[in-house]
Amino acid sequence: MMKQQVPSNKHYRSKLFTVLHLLLILLFTGSAAAADTKPVRLALQWYPQTQFAGYYMAQAKGIYAKHGIDVEILHGDADSDSLERVTSGKAEFGTAFLSSAMESWARGAKLVNVAQIVQRSALMIVARKDSGIKTIKDLDGARIGTWGSQFQLQAQSLFLRENMHVTFVRQSPSFELFMRGGLDATLAMWYNEYHRLLSYGLNPDEMKTFMFSDLNLNQPEDGIYCLQSTLDKSPDTVKAMVQATVEGWEYAFAHPEETVDTLLAIMKEQKVRANRAHQTWMLARMRDIILGDSPHMNTKLSVVDFDSLKIEMMRASVIMVNIPYDDFYKELNQ
Amino acid sequence: MRVHGIAFRLASLTLLTATLILAAIVGYNYTVSRSMIVNLAEERGTLLAESTASQISGTFKAVQKVIDAISFSLENGNLTEKRVNELGQRILHNNPEIYGSAIAFEAYGFQQDRKYYAPYYHRTDGGKFDFTKLGSEDYQYFYMDWYQLPTELKHPVWTEPHYEKGAEYELMTTYSVPFYQSQDEHKILKGVVSADISLRWVQKLINGLSSRDDGYVFMLSRYGTFIAHPDESLVMNETIFTNAESLKLPQLRDLGRRMVTGESGVVELKGLPNTGDSFIYFSSLPEQHWSVGVVFSKKKMLADVSSLNSKVAIFGCIGFLALALLITGLAHRITHPLRKLTASANIMASGNLDAELPDAVSQDEVGELTHSFQVMRDSINNYIANLTETTAAKERIESELRIAHDIQMGILPKLFPAFPERMEFDIYASIEPAKEVGGDLYDFFFVDENNFCFLVGDVSGKGVPAAFFMAVTKTLLKVVAERRLDPGEVLTKVNSDLAEDNESCMFVTLFLAMMDINTGKVQYASAGHNPPLMLCKGKDAEWIPPQNELVAGIMDDTVYTTRSLTMQPGDTMFIYTDGVTEAMNKAQELYSEERLVEIMNQCRGKSAEQMVLTIDTALKTFTGGAEQSDDITMLAMQYLGKKS
Numbered sequence: 001m002m003k004q005q006v007p008s009n010k011h012y013r014s015k016l017f018t019v020l021h022l023l024l025i026l027l028f029t030g031s032a033a034a035a036d037t038k039p040v041r042l043a044l045q046w047y048p049q050t051q052f053a054g055y056y057m058a059q060a061k062g063i064y065a066k067h068g069i070d071v072e073i074l075h076g077d078a079d080s081d082s083l084e085r086v087t088s089g090k091a092e093f094g095t096a097f098l099s100s101a102m103e104s105w106a107r108g109a110k111l112v113n114v115a116q117i118v119q120r121s122a123l124m125i126v127a128r129k130d131s132g133i134k135t136i137k138d139l140d141g142a143r144i145g146t147w148g149s150q151f152q153l154q155a156q157s158l159f160l161r162e163n164m165h166v167t168f169v170r171q172s173p174s175f176e177l178f179m180r181g182g183l184d185a186t187l188a189m190w191y192n193e194y195h196r197l198l199s200y201g202l203n204p205d206e207m208k209t210f211m212f213s214d215l216n217l218n219q220p221e222d223g224i225y226c227l228q229s230t231l232d233k234s235p236d237t238v239k240a241m242v243q244a245t246v247e248g249w250e251y252a253f254a255h256p257e258e259t260v261d262t263l264l265a266i267m268k269e270q271k272v273r274a275n276r277a278h279q280t281w282m283l284a285r286m287r288d289i290i291l292g293d294s295p296h297m298n299t300k301l302s303v304v305d306f307d308s309l310k311i312e313m314m315r316a317s318v319i320m321v322n323i324p325y326d327d328f329y330k331e332l333n334q
Numbered sequence: 335m336r337v338h339g340i341a342f343r344l345a346s347l348t349l350l351t352a353t354l355i356l357a358a359i360v361g362y363n364y365t366v367s368r369s370m371i372v373n374l375a376e377e378r379g380t381l382l383a384e385s386t387a388s389q390i391s392g393t394f395k396a397v398q399k400v401i402d403a404i405s406f407s408l409e410n411g412n413l414t415e416k417r418v419n420e421l422g423q424r425i426l427h428n429n430p431e432i433y434g435s436a437i438a439f440e441a442y443g444f445q446q447d448r449k450y451y452a453p454y455y456h457r458t459d460g461g462k463f464d465f466t467k468l469g470s471e472d473y474q475y476f477y478m479d480w481y482q483l484p485t486e487l488k489h490p491v492w493t494e495p496h497y498e499k500g501a502e503y504e505l506m507t508t509y510s511v512p513f514y515q516s517q518d519e520h521k522i523l524k525g526v527v528s529a530d531i532s533l534r535w536v537q538k539l540i541n542g543l544s545s546r547d548d549g550y551v552f553m554l555s556r557y558g559t560f561i562a563h564p565d566e567s568l569v570m571n572e573t574i575f576t577n578a579e580s581l582k583l584p585q586l587r588d589l590g591r592r593m594v595t596g597e598s599g600v601v602e603l604k605g606l607p608n609t610g611d612s613f614i615y616f617s618s619l620p621e622q623h624w625s626v627g628v629v630f631s632k633k634k635m636l637a638d639v640s641s642l643n644s645k646v647a648i649f650g651c652i653g654f655l656a657l658a659l660l661i662t663g664l665a666h667r668i669t670h671p672l673r674k675l676t677a678s679a680n681i682m683a684s685g686n687l688d689a690e691l692p693d694a695v696s697q698d699e700v701g702e703l704t705h706s707f708q709v710m711r712d713s714i715n716n717y718i719a720n721l722t723e724t725t726a727a728k729e730r731i732e733s734e735l736r737i738a739h740d741i742q743m744g745i746l747p748k749l750f751p752a753f754p755e756r757m758e759f760d761i762y763a764s765i766e767p768a769k770e771v772g773g774d775l776y777d778f779f780f781v782d783e784n785n786f787c788f789l790v791g792d793v794s795g796k797g798v799p800a801a802f803f804m805a806v807t808k809t810l811l812k813v814v815a816e817r818r819l820d821p822g823e824v825l826t827k828v829n830s831d832l833a834e835d836n837e838s839c840m841f842v843t844l845f846l847a848m849m850d851i852n853t854g855k856v857q858y859a860s861a862g863h864n865p866p867l868m869l870c871k872g873k874d875a876e877w878i879p880p881q882n883e884l885v886a887g888i889m890d891d892t893v894y895t896t897r898s899l900t901m902q903p904g905d906t907m908f909i910y911t912d913g914v915t916e917a918m919n920k921a922q923e924l925y926s927e928e929r930l931v932e933i934m935n936q937c938r939g940k941s942a943e944q945m946v947l948t949i950d951t952a953l954k955t956f957t958g959g960a961e962q963s964d965d966i967t968m969l970a971m972q973y974l975g976k977k978s
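Those sequence lines, one after another, are chains A and B.
Here the working numbering is used: the first residue of the first sequence is 1, the next is one more, and so on.
Here the working numbering is used: the first residue of the second sequence is 335, the next is one more, and so on.
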């Protein structure tokens, strides 16, 4: 009962995946290339959506194959952990939020960051304007909606810094509690939940938003991770993965309509609820947080961002050990 | 045919008017029928939206009552595991519309050692009930909307619809009611009782209404998610707001906001997929904050009106063509005889009165006109014939009158000088009748060796009768005068003869004088004649005093007296008729006796002929060519004395 509000059927998924995968290989890579390529698996941290457009487009447009790797994308869901898949050997590569990866690293996983894809945090606080909240100070004593502890760290840091007390209330992803006035404000991802509020009929001018990246609390998000051993054994494969993924993102940003079409088809195959407006919005926001104002992608993990996040995580006792930047991030020589 | 003939004007005016009337009828017809259809559709659409909404909310209300009652009984009783299970089963047993029901408790709320306690009864394919216990670290129901919303909001809620994994992804909505227990006058939250209701029947109901091709019905959840829509890909995937974003229809977003706030009404939207420009009628389910929309394609809705209107227009055009043919034909038929008549009239105008006229067949104005033309032509023909005859007669009369004139003039002495061998006097006379023949007369002759008679007369009236009377008078005078009577006796005798048998009562004025040419002694008598003028040598002209005796020819016993005077050599007597003094110019002024005297004075020393001609010229100058109204007769007698 009511367990999954987002439909995802594991029984069908593997079967469907195989069919889709074969289809995509046939369509985009050609048989000759397939013979020489090296098979690798990439585990994504959530259901297919344009948050991962670069990976899906690199695969769909044969960019991975062109770089000599045969990538099998393992779709994420609520029940699986992409980094766990990497550490357990179910996948060679995985995507994850920086904070999640640092947590894993601190717990002993021999993971390394080989590319920091999303440089800017998409996390934000949203309040309804008619609630009277105009500045961060107005949030003192407020009930703020969250959906899982993973996204709370920046908020905790903020209110600690501002010396304010708020109550975090875990809510279901439907955001109904916020919509029905059960919360004063809610955390939201700019590319995802914020658009859900728009799609519930709230107008942008009816909402007051605070972006964490504007509050001096930026936190890089999606990055590509693999085991240190993988990097040591096959540095070319790792390079190919990163390079092809960057090209995949560039292709997706250059061809937004085709990208949304492709992702919608995959989502439909995966029985994930999808709509075009939402995916179009998400792709546009991914561009904002990946590229920012720069015309080219930067996959380097910022030392400043890394250190400030590390300090916050240690303060919050999320991690207990110091993580050396050079041990965590491996810049690849292109 | 002339381009702008009557036929053309008649036809074009009539057809123009007919076209305007036709256009007005078609336009009015379209407007009225369109607004009728739109009003009907509004009634129908509103009714459909409202009835669908109330039908669905009616069923929901029944479920609400059941669950409210269960929650009430959960608050008032000793809760054992057995009782909770019984309640769960009873809910399904008594309420076929409920798919499953859970009674979920707060963490450690049912038993101290159990974090999760939430027995869930639901139906299976075979119509039996199945039972599971919800709640685990993977399924912390405290954070599920069905549990969290009623507990946080502290009132019953209808959740957003969702696909239920346990029921083959059927679309469900859940009604959840929190229940409490009183402890020390405080209400302590114990848990939530909920019912899952399949929305398949709602989708079926709504899709059944959408089978018509001219419109469809759709249903929105509290936040605008499509619960039912003929386009399956929208259902649960899109909200009306994301749909508006994809379709780039901001008005659709506005409509969505009105719908989710529970309004009802109607809007017109342009460019919707499938239906195009459409009317949307909407109504809400107040408990759930859901809403129902009915979409009618404007084009389909107005298709009948358009078809009716185009038929009306086609019939109108056919009618127009028929009218055009009829009017043209009719106009030609009416104007055809007119044109024939015009042609005939043109021929007649060029002089040929024998031109053939069309037959006046029709009994209308044209027929009458043709008939009138015929009558006119006949009249003109008759007139011309008469005129020819009359002219001939007139010419004959004129010719006779000319002869009569010649004869009349012939009886008057016309040869001057009349007596060239006589040195004692000089006489000159002129006569100018107003018509061919006149009533004036003059005469002079020797009665014997020494006595010379001269006279002037004026018969009343003019023309032929006067001429005859004049001839008679002249003859009588001559005959009587030669008997050597004195002038008075002559006039008395002549009057007596004229008055006898004068049936026509004509009369004549006469002045008759007899002169002894040796002595210059003149005897004279006057029968009502104008007094003559005497121009004596070295003096101004003088009137010979009038005798005031009656005109001749009226009374047969009138006696005229004789008077006498003596003319000295060089004296001139001027006798005239009233045609001289009463001659008129164009301003209707008379020549008058004063003017005559004046001109006479200027004639001193002139001969008789010069005198008459001078006066005549002065008269002509005065009248200036005005028509002569009376006979003009003048006689000048100049005594020159006895030459020895």
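Hints are not guaranteed to be accurate.
[Claimed, not checked] What the simulated footprint calls covered on chain A by chain B, stretch by stretch (three residues with Cβ under 8 Å from a Cβ of chain B suffice, anywhere in the stretch; the number is not a length):
(1) 221 to 231
(2) 266 to 278
(3) 313 to 325
[Claimed, not checked] Here chain A is said to cover these stretches of chain B; the calculated rule only asks that three of the stretch's residues, wherever they fall, bring their Cβ under 8 Å from a Cβ of chain A:
(4) 481 to 490
(5) 572 to 579
(6) 584 to 596
These are calculated hints, taken from the structure and not from any lab test.
Note that CB positions come from ideal geometry on N, CA and C, so glycine has one too.
How the hints compare with the structure:
Here's how the region 221 to 231 of chain A fares: 0 of its residues keep a CB closer than 8 Å to some CB of chain B, so the rule of at least three is not met and the hint is violated. Here's how the region 266 to 278 of chain A fares: 6 of its residues keep a CB closer than 8 Å to some CB of chain B, so the rule of at least three is met and the hint holds. For a cut-off of 8 Å, the count of residues in the region 313 to 325 of chain A with a CB near a CB of chain B stands at 0, and the three-residue condition is violated. Coverage of the region 481 to 490 of chain B by chain A holds. Counting CB-CB distances below 8 Å, 4 residues qualify, and the rule asks for three or more.
Here's how the region 572 to 579 of chain B fares: 7 of its residues keep a CB closer than 8 Å to some CB of chain A, so the rule of at least three is met and the hint holds. Requiring three or more residues with a Cβ within less than 8 Å of a Cβ of chain A, the coverage given for the region 584 to 596 of chain B holds, as 4 such residues are present.
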